[in-house]
Amino acid sequence: MSVGIVLISHSHELVEGLRKILHQIQPEVEIAIAGGTEENEIGTSAIKIKQAIEKADSESGVAVLFDLGSALLNAQLAVELLETNTKVAFCDAPLVEGAYTAVIEAGIGSSLEEVVKAAESVKEVPKLL
Amino acid sequence: MNQQNMKDWLILANERIQEQKDYLSELDRAIGDGDHGVNMARGFQEVSNKLATQEFTDIGAMLQQVAMTLIGKVGGASGPLYGTAFLKASTALKGKGECTNIDLANALNEALKGIKLRGKAEIGEKTMVDVWEPVVSKWLDNPEAGMDELIEFTHECMVETKAMEAKKGRAAYLGKRSIGTFDPGAVSSELLFSSLFTVLKGAAS
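For the record, the sequence lines run as chains S and R.
So that you can map any letter, position 76 of the first sequence is 76 in the working numbering, and since no number is skipped, the others follow by simple counting.
So that you can map any letter, position 49 of the second sequence is 49 in the working numbering, and since no number is skipped, the others follow by simple counting.
Keep in mind that the hints were calculated from the coordinates and are not lab data.
Each residue gets a CB set at the ideal place from its N, CA and C atoms; glycine is no exception.
A few of these clues could be false.
Below, simulated DSS-like cross-link-like pairs (lysine-lysine); rule was C-alpha separation at most 25 angstroms, straight line [claimed, not checked]:
no. : chain 1 : residue 1 : chain 2 : residue 2
1   : R       : K96       : R       : K162
2   : S       : K127      : S       : K55
3   : S       : K123      : R       : K96
4   : R       : K116      : R       : K176
5   : R       : K96       : R       : K21
6   : R       : K138      : R       : K96
7   : R       : K96       : R       : K120
8   : S       : K87       : R       : K168
9   : R       : K120      : S       : K123
Just a sample of chain S residues kept apart from chain R, beta carbon distances all over 12 angstroms, derived [what the hints assert, rightly or not]:
no. : residue
10  : H10
11  : T37
12  : N74
13  : I104
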């Protein structure tokens, strides 16, 4: 099974939209989202992130991409709250471009390490050619 | 300290946070994103509601419920920070029906370690750690310290954050412009500790 992807943002709509884009590219990759607070207001929720990781979980592990501020704190807390031994890796990458690259990499059956490396490599890619 | 004292503490802390909700948000608007009061008020109101209606097997279980409520309801960076703090404290007090002041001070020291690890913050960086660390270590060094003295010391620690330059969180982007305002997390931490010492003072008399 391919690596699962979790998208975390302060806005539910932001990651919902991003998931739609990514799903069109690689429909077979499991992409779970955790956007906004439990009430879908602006913020992040460790509980929601934990549920998203569980949903995206595969034997190959889960790559996590996130936006700002408290997203990382809540994501790290979510991993500590997990009751499973899921392999989880955080991508030090911009959310949109990183997720795009991660999903393509996951779709060709790469390992969690390779998916993370691919996502992080986008930091070096200029957007204006 | 028994379960009722612990409940009284957190219910009093909630009352103070509700009173200071606008003030906390105002401080946060100056150097953060302006939601600290609203977030803390929402989280602690829920904690207060749960404590008022539920009984727990022990104080560790109670604090775990507090942690999960804060994690779920606070939002912002304060949710995982306060949530982690109470989660660590709950582990330290697991299975205890009641505890001594020293037990509690040790549990709060575990909580402090959790906060520092989660937020990667050290003392002097204009964060909640600037209240937590000196207050917990003063209490641990001198468990017989008077509650009024601890309340006053907690306030002094909070006041000291005014002159500090923020190194963590959104306030760090402001650099030197963050100097001159109290840190909102230090203020909410003072409310939490002063409520605790007030309740302990009442319980002892």
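Next on the checklist: For S/K127 and S/K55, compute the direct alpha-carbon distance and say whether it is at most 25 angstroms.
Outcome noted: Not OK: S/K127 and S/K55 at ~32 angstroms, beyond 25 angstroms, violated.
Checklist entry - Is the nearest CB of chain R more than 12 angstroms from the CB of S/H10? => result violated (9 angstroms)
Item to check | Outside-interface status for S/I104 - nearest CB in chain R farther than 12 angstroms | outcome: holds (31 angstroms)
Item to check | Pair hint S/K87 and R/K168, alpha-carbon separation not exceeding 25 angstroms | outcome: Judged against 25 angstroms, a Cα distance of about 28 angstroms means the pair is violated.
Checklist entry - Within 25 angstroms, alpha carbon to alpha carbon, are R/K96 and R/K120? => result It is violated: about 30 angstroms lies between the C-alpha atoms, which goes past 25 angstroms.
Checklist entry - Is the straight-line distance between the alpha-carbon of S/K123 and that of R/K96 25 angstroms or less? => result It is violated: about 50 angstroms lies between the C-alpha atoms, which goes past 25 angstroms.
Checklist entry - Is it the case that S/N74 keeps its Cβ farther than 12 angstroms from each residue Cβ in chain R? => result violated (5 angstroms)
Next on the checklist: For R/K96 and R/K21, compute the direct alpha-carbon distance and say whether it is at most 25 angstroms.
Outcome noted: violated (33 angstroms)
Checklist entry - Any Cβ of chain R at or closer than 12 angstroms to S/T37, or is the non-interface label fine? => result It is violated; S/T37 is separated from chain R by about 5 angstroms at its closest Cβ, not greater than 12 angstroms.
Item to check | Pair hint R/K120 and S/K123, alpha-carbon separation not exceeding 25 angstroms | outcome: holds (24 angstroms)
Next on the checklist: For R/K96 and R/K162, compute the direct alpha-carbon distance and say whether it is at most 25 angstroms.
Outcome noted: violated (38 angstroms)
Checklist entry - Is R/K138 within 25 angstroms of R/K96, Cα to Cα? => result Holds, at about 24 angstroms.
In summary, the structure is inconsistent with hints 1, 2, 3, 5, 7, 8, 10, 11, 12 from the numbered list given earlier, while agreeing with the others.
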